[in-house]
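J.: Note that the protein sequences, when read in sequence, are chains A and B. Here my numbering is used: the first residue of the first sequence is 1, the next is one more, and so on. Here my numbering is used: the first residue of the second sequence is 278, the next is one more, and so on.
Each hint should be verified, as a subset may be incorrect.
To be verified - Just the calculated beta-carbon pair ranges, DEER-fashion:
hint	chain 1	residue 1	chain 2	residue 2	range
1	B	Thr521	A	Phe86	54 to 60 Å
2	B	Gly333	A	Leu126	28 to 34 Å
3	A	Gly82	B	His357	47 to 53 Å
4	A	Leu105	B	His408	53 to 59 Å
5	B	Gly333	A	Leu116	56 to 62 Å
6	B	Thr387	A	Ser35	46 to 52 Å
7	A	Pro110	B	Trp401	47 to 53 Å
8	B	His357	A	Phe86	31 to 37 Å
To be verified - Covered stretches of chain A (chain B as the covering partner; in silico rule of three or more C-beta atoms under 8 Å from a C-beta of chain B):
hint	segment
9	146-155
10	170-183
It is worth saying that the hints were derived from the structure and are not from the lab. Here the structure is a predicted model, which means the values were calculated and not measured. All C-beta atoms in this analysis are idealised placements derived from N, C-alpha and C, irrespective of residue type, glycine included.
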Amino acid sequence: MSSVFTPAKLIVTLLALPALIIPAFALGYIVYQGSSVISWQFLTSSDALDGFGNSSGILGQLTGSLLLALGGCLIATPIALGAGLFYQLQANPRQRKLLESVLYLLQAIPPIVYGLFGLVLFVHLLAWGVSLLTGMLILAIVVLPALTLNTITSLQRIAPEYSEAARALGLSDSALVGRVWLRHARLELITGQLLAMARALSETAPILFTATVFSGVVWPESLLSPVTTLQTHIFYLAQEGGNPLAIQVAWGSALVLVASVALFSLLARKLKSIGEQ
Amino acid sequence: MSTEAIHLHPPQTDEIAPGTLTVRDLHLQKEGKVILHNIDLNLPASGITTLIGPSGAGKSSLLRCINQLEKNWQGDVTLHHKNLCHWPGGDEQLRRHIGLIAQKPCVFPTSIFRNVVFGIQGFWRRRHAQHIAEHALRKAALWDEVKERLDSPASALSLGQQQRLCIARALAIQPRLLMLDEPTASLDPRSKQLIEHALLELAENIPLLLVTHDLQQAQRLGGHTNFMCDGKIIEKNISHVFFTQPQRVESKEFLRWSSCDCN
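Next up, chain B with everything else stripped away, as it sits in the complex (with noise of 0.2 Å):
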């Protein structure tokens, strides 16, 4: 099936307004290389917000940072007004509330059920296992095709559908915030569709913020757009602007061309 016959909804997102999660000034080095500069960023309390941009411009570094898997850097992230720096109880307890989908599926070798149930810590919520499970599948839209054998080795699903079990087991410790990182890179047509549907449905709630090479995805998504080279956010703006009307040379290149010189 073709990708443009995907019937999408973006949801409506208008001026950004800071809440869910704020960047301020991020700034991370490596081995005396700049990988992020000055990165300044908002998140709405929902909707898609899509990081375009050639091949290391550091926007998985900017994930990684807002997820605390890269340390060292320099600048101000809070997610609901929290310090990510000071959260309580650590880098583990904020993981729990900002989800990371990679861009290759990696799921744990045994079964679907506890690829999805993976994360769930607490008394309570391992008891209620069995409707978190149900509702996050659902949630990535797999439930349908493994509710007959949620025993089965999750090692036996396709690639897309691998995914989609990354989703949900992300889904299963009720993030604040998902990033996904070039969720449907390695997927087919049909899997990627699936996903991002399950994606606009998953924004109506809480933010997304999606790295993508795709730029007809991060069209069809809608949302926000914010065009990173370099380490840097070169231009920002809602998705159908920034496609349509791109203010910066750079991104008028990189929108033609898939590449640019930001230097």
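Chain A with its partners taken away, still in its complex shape (with noise of 0.2 Å):
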């Protein structure tokens, strides 16, 4: 390659760079603006009975968030591999384009419709009320398309010629999968996962009016209480534009929501690095 910078290269490298450089400067700002809030006692304590940010503690938001997106991926998870099992061991041509063709519309939708889905059949409909368990199904539901087209391509990277191998040693389908697939899929399946936790912990919208209060809960007593979280906590604390306090307690459980975000696309990053090698 040469190395004379031409001015096409600049044009490039100037279209190229607010792609760096907006997100970078973005980030930076979460980051000045939250770390001044941020202790060991923000982390770990709860302002549930202060209400309205006016206590710094977020260790009940984090919590909320983390368990609806860890229940919304365990809740996909399986049907993600069902469907991505189906299309591989018995899916015609025209099966398989047509789920692509679904998965891909699905992954379109934007998540406040599912929001507005899950309030009409969960909360209302079966009367589970603003819920966790509503919000997990709701979280699934919203990265399922996408989990399952990594487990599809998951599958469609393991070499046929390893799939033939066990089939000419006479393994039955599930032998097949649970020996041979799921080991050589394993690490970008659980790659996958990671990035759907990222990918859950960055939904506000469909869990907003589904499983979500603003305060008077620290821990959701039950399946069907409400919770918490840290992205409605930000959406709230934000509303709150004369309260110096709260913003900052905002910028803080930003810093923490971008850090929890960033954490498992790092180790989903990690993770397809080491599978790559």
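Both chains are given apart, each in its own frame, so use the hints to dock them into the complex.
T.: Structure representation (structure tokens):
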């Protein structure tokens, strides 16, 4: 490659720079604003009874966010795996095409629509109310298309020679899946899980009116109890424009949320690189 | 070492009596294209039967049909007088009786030992896995090279060793018939020699059906040769007769130029 800096290279670089600079600036600003309130107490105490962000603990919100994301992923995983295995084992080309189209369509639906669906079906029709379970189910639906597509891609990347070799030894479909496919694809499947966790942690709209309350709750008493989450905590606090403490807590919560999402994303990236080796 | 220096003793095979594997009028069509047409084939109770022919002749497809990895073929194929299409226990059970070795060695990402016993099923056989693995590795002429490192990753073996490991893995499930699809195509002369030697020893007890592009190898291994072209078996005979006195023009052309026009 030539090291001469041509005008074309300059233009490409100038076009590419905003993609790095703008998110980096936003991230830097969140770190700058949020770091001033980050403390051990901030992370390990809760403000449920004080309410409206007047106290600075976010343990309840952090726990709620993680519980919702984890629950959503746990619900979505077996369904995504089942759909991926159906795609690989049984589906004919027409069914594969249809399944892919449906998954890409579902992925493109705005999460708020899933939230509305959850509000009607789970909160009102099934009378589960605003609850942890409802939120988990909604988040499972939100991450399901991406998780299924990741499962399909992971299974497709297994060299067909392994499947043929296993089949030639008389392995049944279930043995093939358990002993060959899942072992080969495990790193990529876990990577997909971590990315789904990151995605679920980033979602606010679908849980806003189906799973969360702003205060009055530290730990959900049961699956049918509401939770508080970092995402909705930031949403509510940001509307308290006249309260400097609330805004500071919002920045701190944002930093913790970004760090949580980044943690899962970076873990996924690390696993992917291990898998590629 | 030159492959010509190998001391081979091909098993004597006379006329083929139907019995082990019988293929009658096998026909395979894929996406409107005829892949196999009117295939008739008998395998003796032991010995090597080679399938030779130009690329695209249908040799590998025939193996895949017999192993039921390829479906939707028409015809009548029996193994020990049992129809393959109605095999008790289905295709999985059938494949436990018909080993298939691919051209490219494919070892699972686990230890050498676990690779050998990968296909072993059943409580009794799993209890004797150690003994079965040793027996299979000896048959595949690999035991002496790996007996001290059975727990090492199989991927650390050379390509030739990996191919012999694949043969051992297939033998560990005690197949009644072993099919090999160009098993030495990508191997060095030494590995080729070792595998050919192992195959000749195996052929004393079970029938082997071998696809090869290496005409010298087909001659060395003896047994019977079937020349395939354009989805059909053009000529079949005892190997030394086929290679010294081919009857069909297509066979003569192929033996001379390694290509032919069978349309």
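J.: So, for every hint listed, does it hold in this structure?
T.: Structure-based check of each hint:
For Thr521(B) paired with Phe86(A), a C-beta distance near 55 Å keeps the hint of 54 to 60 Å intact. Hint check: Gly333(B) to Leu126(A), Cβ distance near 60 Å, so the stated range 28 to 34 Å is violated. One distance hint, 47 to 53 Å for the beta-carbon pair Gly82(A) and His357(B), is violated here, with the actual separation near 39 Å. Between Leu105(A) and His408(B), the C-beta spacing of about 56 Å keeps the proposed range 53 to 59 Å intact.
The hinted window of 56 to 62 Å between Gly333(B) and Leu116(A) holds, with their beta carbons roughly 57 Å apart. Checked against the hint of 46 to 52 Å, the C-beta distance between Thr387(B) and Ser35(A) comes to roughly 47 Å, which is consistent with it. Separation of Pro110(A) from Trp401(B) is about 59 Å and departs from the stated range, judged on CB atoms against 47 to 53 Å. The hint said 31 to 37 Å for the Cβ distance between His357(B) and Phe86(A), and at roughly 36 Å that hint holds.
For a cut-off of 8 Å, the count of residues in the segment 146-155 of chain A with a CB near a CB of chain B stands at 0, and the three-residue condition is violated. Given as covered by chain B, the segment 170-183 of chain A passes the check, having 6 residues with a CB less than 8 Å from a CB of that chain where 3 are the minimum.
Violated hints, in rising order: 2, 3, 7, 9; the structure is consistent with all others.
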